[in-house]
Amino acid sequence: MRYLPNTPQNQRAMLDVIGARAIEDLLVKIPAKARLSRPLGLPPALAETDLIHLLRGLAAENADADSYTCFAGGGAYDHYVPSPINHLISRGEFFTAYTPYQPEASQGTLRTIYEYQTMIAELTGMDVANASIYDGGSALAEAVLMARDITGRHEVVMTAGVHPLSRRVVETYGQGLGLQLRTAPLGDGITDADGLRKAVSSKTAAIVVQSPNLFGCLEEIADAAAVAHEAGALLIASVDPVNLGVLEAPGAQGVDICVGEGQGLGVPLGFGGPNLGVLAVKKDFIRRIPGRLAGATVDLDGHRGFVLTLQAREQHIRREKATSNICTNVALCALMGTIYMSIMGKAGLVRVGELSTAKAHHAAGVLAAVPGVRLRFGAPFFKEFTLALPKPPERVARRLLKDRILAGVPLARFDRKLRDCLVVAVTERRTRAEIDAFAAALAKAVA
Amino acid sequence: MAEEVRGAAEGEPSEASKPVRGAAEGEPSEASKPSYDKLIFELSSPGRHAFSLPEPDVPKSDVHALLPERHLRRQGAELPEVSEVDVIRHYSRLSRLNYGVDTHFYPLGSCTMKYNPRINEDMARLPGFGALHPLAPEEASQGALQLMHELAADLAEIAGMDAVSLQPAAGAQGELAGVLMIRAYHLANGERRTKVLIPDSAHGTNPASTAIAGYRVVQLKSEANGEVDVLDLERNLDNETAAFMLTLPNTLGMFEPRIIEIIERCHAKGVQVYMDGANLNAILGIVRPGDLGFDVCHFNLHKTFTTPHGGGGPGAGPVGVKSHLMPFLPTPVVTRREGRARRSRRGAERSADAKAGGAPTYALDWNRPKSIGKLQTFWGNFGMLVRAYTYIRTMGPAGLRSVSDNAVLNANYVMKRLEPYYDAGAPGPCMHECVMSARRQKKLGVTALDIAKRLLDLGFYAPSIYFPLIVEEALMIEPTETESKETLDEFCDAMIRIAKEAEEHPAVIHDAPLTTPVRRLDQTRAARYPDLRWRPPAESSRV
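Line by line, the protein sequences give chains S and W. For the first sequence, this note's numbering assigns the number 1 to the initial residue and increments by one for each residue that follows. For the second sequence, this note's numbering assigns the number 1 to the initial residue and increments by one for each residue that follows.
Honestly, the hints are just simulated from the structure, not real lab data. Treat the hints with care, since some could be wrong.
[As the list claims (entries may be wrong)] Straight-line alpha carbon distances no greater than 30 Å define the calculated DSS-like cross-link-like pairs of lysine-lysine that follow:
no.	chain 1	residue 1	chain 2	residue 2
1	W	LYS221	S	LYS33
2	W	LYS38	S	LYS33
3	W	LYS195	S	LYS203
4	W	LYS370	S	LYS203
5	W	LYS443	W	LYS322
6	W	LYS370	W	LYS195
7	S	LYS29	W	LYS485
8	S	LYS321	W	LYS370
9	S	LYS346	W	LYS370
10	S	LYS444	S	LYS417
11	S	LYS346	W	LYS60
12	W	LYS38	S	LYS283
13	S	LYS321	W	LYS221
14	W	LYS370	S	LYS417
15	W	LYS269	S	LYS33
16	W	LYS269	S	LYS29
17	W	LYS322	S	LYS29
18	W	LYS60	S	LYS444
19	S	LYS321	W	LYS195
20	W	LYS221	S	LYS29
21	S	LYS321	W	LYS269
22	W	LYS38	S	LYS282
[Unchecked claim] Just a few of them, taken from the derived set where beta-carbon distance is under 7 Å, the chain W residues facing chain S:
no.	residue
23	PRO68
24	ALA77
25	VAL87
26	ASP102
27	THR103
28	PRO137
29	ALA140
30	LYS374
31	ARG520
32	LEU521
33	ASP522
34	ALA526
35	PRO530
Computed from a predicted model, the values in this text were never measured in an experiment. Built from N, CA and C at the ideal position, the CB exists for glycine as well.
The task is simple: from the sequences and hints, build the whole structure.
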């Protein structure tokens, strides 16, 4: 076994030191009747060549965004991932390190977390970001629990544009704590302002708004913040940080807790995981924030150094009174995001936003010109938009696979009322020629 | 999960307030440390950039014409402006400030820092996996779904469980899923139980996850050897008790000899038993939690199944259950439908089957009315699943059994060699990790923390310290099976050297670490004056 270096001679020598005849003698505390009396029922070990063959075979059965043209979004986006990211995160000193509990031996990781926190705070316009949460959905759930904790209230109003899969994560996290979820209705692609006001009461802990929302439309975040604050509630906004080169920072719109899926920041699609859960807050909530935080300090000689800090919030100190149970997070994905934001910098992220917007709006025009196809909503949208199709979108999407196009996300899987809807995402990676080919294929599919 | 207090807790006396002692003889001087101390922001220069993006190829590209002004950003984000070589050099340099398994022996107890095979990385990066969109149509993601289905079946076989959900993103999320399933099970039986029993030796995530699931946590005393205090358990088993959670082998690295009896007693009172699988790597192919009677257990793929820890994740924490809990599994569940003919479950044959038109098909099953719901937006940390699948296929059943045998052998060897110099937390033999105590050294003024810092200078990462909480000055050492006798000997020699230094010249230990990029860091200051983001020197007001 190439990963097991001890030879039989090594084992013998070690057993002699221990004073045991065989390894079996070390297992004496395991009752005989508890033992497995047969080998595990797994396939036999494969040589590396066979293994590669097997996994390449499985990988080849998938329609990935490298071999298909990807217009699918819905919370995961085919953004450009610059080459240095994979090279840098593949350095063993990063990917084989542990959580930085011995800060003197983990300054690399701690410094990158501190940089990540700075960049996320800067991008979101919030005061403090944590070192990451598992993904956008679990970040939203953590934010909701945090709002419940801060306000002592148990109702949360979610706008209808919040991604249904994220909403289900919130429901899961809240079920044992008696969290009540209410829904504010949809207007023309965005939350209905009157409906939102009516849904909120003195029992509301938070309003949750996602922008761009499930349909790609831009919500009126500042208005929602005003409604929340008037009711003594918090505003939680779920955003896609890669959009924030162009879109107004949540922090500038009255958002109290900003969460989001950071996959677009240089993390590969990876069938939806691991992703990058972003969570940032106003400074009032710094001691309520779930997850890890890296902070700057000094060492014995007065040199700048970094540590995990404010750990009194965490489960290894407060156990059942901790603000959250999150422990292992997605540090390596946060590093990917950090490298991405460094590469893109001030100008690059603006360009990504501008290109995505321009191409998405062009695509919306071209696709809505296909006979029978129309834009479903009138609200402003960013890089994603909703089409109404004359034929079932799931069937259309299946048909377009033959043209090696991932057409978008049919909404029927989330809501039967939206069974004619297809959400299309256009990132900076899509070209005008690809958009034209999509339109041509769509025309044939709906004809 | 299973990540406990490694460093000094806040509120301890400030390390920086101690007087600086002179460097010990033979230790590298201040000057030989890496001098690099820049943050990426401090390398920034206006107008520099590292990205490569195309010019717009569509007619209307001005975002101000396409979107209402109120949605557009007024003040730009102050991200760094650097070139590609700046980025490469900066992060390459930062990486060198870390100890990783690739560079150092990492005997971090309960964290299972074993070698991370490179083939795992290559497989996870195959475009068919790495660039696959989670909402691609099911027929266009059959390979990924098949891999998930097979991995879940493999894990179920390894743990003796009836079904496994791969969705939890980390061990702690697996715990939450497990406790929520137990809650749903009791509710479905018309029972509103209110509390969960957890030993005082448990990982901190156990009580935290349980509290989030809405339960009151009742802490049970452990025996001195870390075993369950059965009398204390018995006192707390009643109709209000929903579950008993324990780690096996326990956090002292010991197998619980009365485990079957304990589980039977719990079941007699309708109490579900949860196994924290953080230490599963000790028992692969030897004992299966399901066979012992456990109702639920989670797996830490980033421990047992060699997915890298990445400096703090991503992990993956699949959760396995017995059949009575299957209706409550998180949605969606990956299902398999047979093709027209009965086919092998292995992929190599599958391509041939596909041609024959009789291949099985895989789907995401959402129609599960009793499910606890979703834990993360998509289907789990799939990249980690590919790595774990690769590892299991690499090792096979005999290989996995050897993993545990060698992990147990290595831990017992270290324990035996250190016993003359340090007190053992519990009498051996241990399983895959041993807990030693620096009780003796503390009397000489040398703490577990000091020993940990000294080890950093001697070329090793530190063991877990001050965990489990029930052992004074605990040093929890987990060598793992991927270390050789030679490495263990070097480590033991270093530990013995420190024990002798504690007696003869403890100052050298108090000065440690000297070779790391920074020396002991002031944790108290970090907590008292939180500085959580960089600001340009001009506006360095702290947040």
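* Asked: Hint by hint, which ones does this structure get wrong, listed from lowest number up?
  -> 2, 5, 9
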